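Trainee: Taken in sequence, the protein lines are chains A and B. Per the working numbering: the first sequence = residues -4 to 178. Per the working numbering: the second sequence = residues -4 to 178.
Source of the hints: derived by calculation from the structure; they are not laboratory data. A quick note: this is a predicted structure, and the numbers were derived from the prediction, not measured. Virtual Cβ for every residue (Gly too), placed ideally from N, Cα, C. Heads up, some of the hints might be wrong.
Claimed, not checked - Straight-line C-alpha distance at most 20 Å; calculated EDC-like pairs for lysine to aspartate or glutamate:
#1 24(B) - 53(B)
#2 24(A) - 167(B)
#3 24(A) - 48(A)
#4 24(A) - 120(A)
#5 24(B) - 117(B)
#6 24(B) - 117(A)
#7 24(B) - 167(A)
#8 24(A) - 167(A)
#9 24(B) - 48(B)
#10 24(A) - 157(B)
#11 24(B) - 120(B)
#12 24(A) - 53(A)
As the list claims (entries may be wrong) - Not everything, but these chain B residues come out facing chain A in the computed CB check (under 7 Å):
#13 83
#14 86
#15 87
#16 105
#17 111
#18 113
#19 119
#20 122
#21 124
#22 176
There are 2 protein chains.
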Amino acid sequence: MDRNAVISTRSTSAADAPAVHPVAAHLEKAITLAVDSVANAGGPFGAVIVTRDGRVVEGNNRVTQDNDPTAHAEVTAIRRACAELGTFDLSGAVLYSSCEPCPMCLASALWARVDAVYFAADRHDAAAAGFDDAEFYDFFAGRLGDRPETGATGRGMTVRHERTRSAVAPFDAWRVLETRIDY
Amino acid sequence: MDRNAVISTRSTSAADAPAVHPVAAHLEKAITLAVDSVANAGGPFGAVIVTRDGRVVEGNNRVTQDNDPTAHAEVTAIRRACAELGTFDLSGAVLYSSCEPCPMCLASALWARVDAVYFAADRHDAAAAGFDDAEFYDFFAGRLGDRPETGATGRGMTVRHERTRSAVAPFDAWRVLETRIDY
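Could you put together the complete structure from these sequences and hints?
Mentor: Next comes the structure, spelled out in structure tokens:
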């Protein structure tokens, strides 16, 4: 995708009105969702997905409400968009987040195959508010070398590779499955 | 956690039976879940969480079944364990996965505060079977420097920071919220 193409797009819905930058407008909506989330017992994060066909799907952080540590705003919006569209593939969609997606949310966006992610605040703003996004990025930094286990002590979570004889049996079964749905 | 303490633990439930390594036993269960998943229209991944109180919670990959790109085996197990225990905090739990957790799943484990993660196959086995885990780890490698946006073209997903005036408004609201639940 040509980034400049996205950035230079302008609203032309009202010729006499001031041009509203569509990226800024969607980010503002994500931020409003984040502020509203705080007022409604959610975490201070909001997200908007605009699907390929122009559908707008919202999400907010629901970790403590839903007892789901994966219910970040971006993941919530991705799940909802997929449920609405009846697909696991959001190709052509754009994700707007009030804050830089954490590694979980960024990888969720990768798996969902969204085209682009825009965010307003960043991991350092989140850290200043008490959230571990920046620390978790640092944890990943220690796991990206040839010996990823050396980064395993990043924040006290042990990560170990214990290869067993049957380790690749699931992939062997997958390869010969004629009805498999690749994703 | 002392890794050696975990690795050297042996089953003592039957003095005359061969010692069964508990990590290996849980990994074998995760692999069995992965093989069964393939036979039941799921992806070739399985996971087991053993909670602090000894509860065993299972998960398998349900991406295509549930139209949820985040429904990896580990995430599914984390969500189930949290739902069963009525908490967003799995401190004291251990996650066993048939394959190395992708960045989404590893970060989910961090947010869930599990103590340890063990896996059998790795990202390269997954890549050989057609999955993007290794590629997504590489994507993260490009986002961990001082200018993370330079890694944004890893697999065609644009990631951009567009700071707006109201970017930190949600965190300002969060800081002054007396009823907030930190996580």
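Trainee: Work down the list of hints and note, for each, if the structure agrees.
Mentor: Now the hints, each set against the structure:
1. Note on residue 24(B) and residue 53(B): the hinted pairing holds, with a Cα-Cα distance of about 9 Å set against a maximum of 20 Å.
2. Between the alpha carbons of residue 24(A) and residue 167(B) the distance comes to roughly 17 Å, so the proposed pair stays at or under 20 Å and holds.
3. For the suggested pair residue 24(A) and residue 48(A), the alpha carbons sit about 19 Å apart, so the restraint of at most 20 Å is met.
4. Using a Cα cut-off of 20 Å, the hinted pair residue 24(A) and residue 120(A) holds, with the two alpha carbons roughly 18 Å apart.
5. For a cut-off of 20 Å, the pair hint linking residue 24(B) to residue 117(B) stands: about 17 Å separates their Cα positions.
6. A distance of roughly 39 Å separates the Cα atoms of residue 24(B) and residue 117(A); the hinted pair therefore is violated under the 20 Å criterion.
7. Among the hinted pairs, residue 24(B) with residue 167(A) is consistent with the structure: their alpha-carbon atoms are about 17 Å apart, no more than 20 Å.
8. Distance hint between residue 24(A) and residue 167(A) is unfulfilled; the C-alpha atoms sit about 46 Å from each other, more than 20 Å.
9. Taken as a hint, the residue 24(B) and residue 48(B) pair is honoured in the structure, with Cα atoms around 19 Å apart against an allowance of 20 Å.
10. As the CA atoms of residue 24(A) and residue 157(B) are separated by approximately 14 Å, the hinted pair is consistent with the 20 Å bound.
11. A distance of roughly 18 Å separates the Cα atoms of residue 24(B) and residue 120(B); the hinted pair therefore holds under the 20 Å criterion.
12. As the CA atoms of residue 24(A) and residue 53(A) are separated by approximately 9 Å, the hinted pair is consistent with the 20 Å bound.
13. Against a cut-off of 7 Å between C-beta atoms, the interface hint on residue 83(B) holds, since the closest Cβ of chain A lies about 5 Å away.
14. At about 10 Å, the closest approach between the beta carbon of residue 86(B) and any beta carbon in chain A exceeds 7 Å, and the interface hint on this residue is violated.
15. With 7 Å as the threshold, the beta carbon of residue 87(B) stays out of range of chain A, its nearest partner Cβ sitting at about 12 Å, so the hint is violated.
16. For residue 105(B), the interface hint holds, since its Cβ comes within 7 Å of a Cβ in chain A; the closest pair sits about 5 Å apart.
17. With its C-beta approaching chain A no nearer than about 4 Å, residue 111(B) sits inside the 7 Å limit, and its interface hint holds.
18. At about 5 Å, the closest approach between the beta carbon of residue 113(B) and any beta carbon in chain A falls short of 7 Å, and the interface hint on this residue holds.
19. This hint is violated: residue 119(B) has a C-beta 10 Å from the nearest C-beta of chain A, more than the 7 Å allowed.
20. Interface hint status for residue 122(B): violated, as the beta-carbon distance to the closest one in chain A is roughly 10 Å, over 7 Å.
21. Because the beta carbon of residue 124(B) sits about 4 Å from the nearest beta carbon in chain A, less than 7 Å, this interface hint is met.
22. Residue-level restraint check for residue 176(B) holds (minimum Cβ-Cβ distance to chain A is 4 Å; threshold 7 Å).
When each numbered hint is compared with the structure, violations occur for hints 6, 8, 14, 15, 19 and 20.
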